[in-house]
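Take the sequence shown: its letter number 179 is residue 179 in my numbering, and every next letter is one higher.
Any given hint could turn out to be false.
[To be verified] Label pairs and their computed distance ranges (CB to CB):
(1) S274 / R254: 16 to 24 angstroms
(2) I296 / D251: 18 to 26 angstroms
(3) D255 / K320: 25 to 33 angstroms
(4) E307 / P204: 21 to 29 angstroms
[Stated by the list, open to error] The calculated lysine to any residue pairs, modelled on SDA-like cross-linking and capped at a C-alpha distance of 20 angstroms, are:
(5) K174 / E224
(6) K320 / S310
(7) K174 / S228
(8) K322 / Y248
(9) K308 / S325
(10) K155 / A119
(11) K308 / S272
(12) K221 / E245
(13) K221 / Y248
(14) K174 / E229
(15) K158 / G102
It is worth saying that the hints were derived from the structure and are not from the lab.
Where is the CB? At the ideal position from N, CA and C, for every residue including glycine.
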Amino acid sequence: AAKLFLLLLLLLLSPYVESFTLQPFHPSLASRTNGYVSFSDRSPRLSTPRSSSSTVRMSENLPKNIKDSLQQLRNAMQAALSSKCSRMDVEFPYGSNIGVEGRKTPTESDIPMVGAGDAQASDRELARAMVEMFRGTEIEENLVVAFTDSSQANKATKKWAGAFAGEVIVLDSKQSKKPARGGGGGFGASAKGAVVKARASAIPPGTEVLIVVGPTVKDLKALEHICSEVGMGCLVILANARLDELRYESDSQRDFFETEFERVYHLRPSPSPSWQGGVLFRSFPGEWTLAMPRKIGPPKVLLKSAEKPSMETIDAALRKEKEASDSSGGFPNPFSFF
1 AAKLFLLLLL LLLSPYVESF TLQPFHPSLA SRTNGYVSFS DRSPRLSTPR
51 SSSSTVRMSE NLPKNIKDSL QQLRNAMQAA LSSKCSRMDV EFPYGSNIGV
101 EGRKTPTESD IPMVGAGDAQ ASDRELARAM VEMFRGTEIE ENLVVAFTDS
151 SQANKATKKW AGAFAGEVIV LDSKQSKKPA RGGGGGFGAS AKGAVVKARA
201 SAIPPGTEVL IVVGPTVKDL KALEHICSEV GMGCLVILAN ARLDELRYES
251 DSQRDFFETE FERVYHLRPS PSPSWQGGVL FRSFPGEWTL AMPRKIGPPK
301 VLLKSAEKPS METIDAALRK EKEASDSSGG FPNPFSFF
């Protein structure tokens, strides 16, 4: 475990953001206004109060674009590793175009909503961006990326062939399979460089970093078992698990994922199902922030909390903002989704 944390802290010496052609967030979800993320105005507008108030706080920490988000993620992971955290949860907005796979960024009129293909590609891109953080380290060969279905895993082996010395597997949700390793030379690559289809497998022995991409309800029990089996010396990262949306089979299972995994980086537009608008943000070790975008200047911070705010607290803050905006007039403030 000591070796793991020591090596991971060396990641600061290995910049990765510039290695990708970075794209902005999906335009159907966000755009740029004065250097800050601004929200689509396809839903009813709100107004911000004309008068200034000491309770109106501005956020200087929310990302301006995808490059900012990736750098914040890197810094958050470094801080968490320094705190000896070996269970991390990372969540980016649905369909974020991180730019790893060279996807075309459609216009807002082309795609009114994020499709399943975009969401899956975004999950792969996030995993790939995190993988790049370990490139050139001694841990690289013992890094495993686990997808929950063979289609996603096979797309990753094809698109990432030769990217690094780690391995892609299909997570064995029943934990009944033996470890299955491809040849060396990169993700799912044989010794001759041919792509090998990923297959359901247990976690290979010696795994030091495990990135689990988009786990679903059926994978939760397996993840509990894996965390117990690999121990705290193995860094386990959940990529876009959407933990708040999963239906847990028991309260104890919910408690496990809420207490075991640190929300190291969380960027969630429209965090309440009752409202279209706002963004919930956290970058370890900072506070949780609920903010509202503004057409001019940085987002307005509605609340900050050391703990993740409850849905009731989020709803109350958004309702208060809407009531204040409706009664005060002033500059329009889009209240829609990221």
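What hint numbers does the structure not satisfy? Of the numbered hints, 2, 4, 8 and 9 do not hold.
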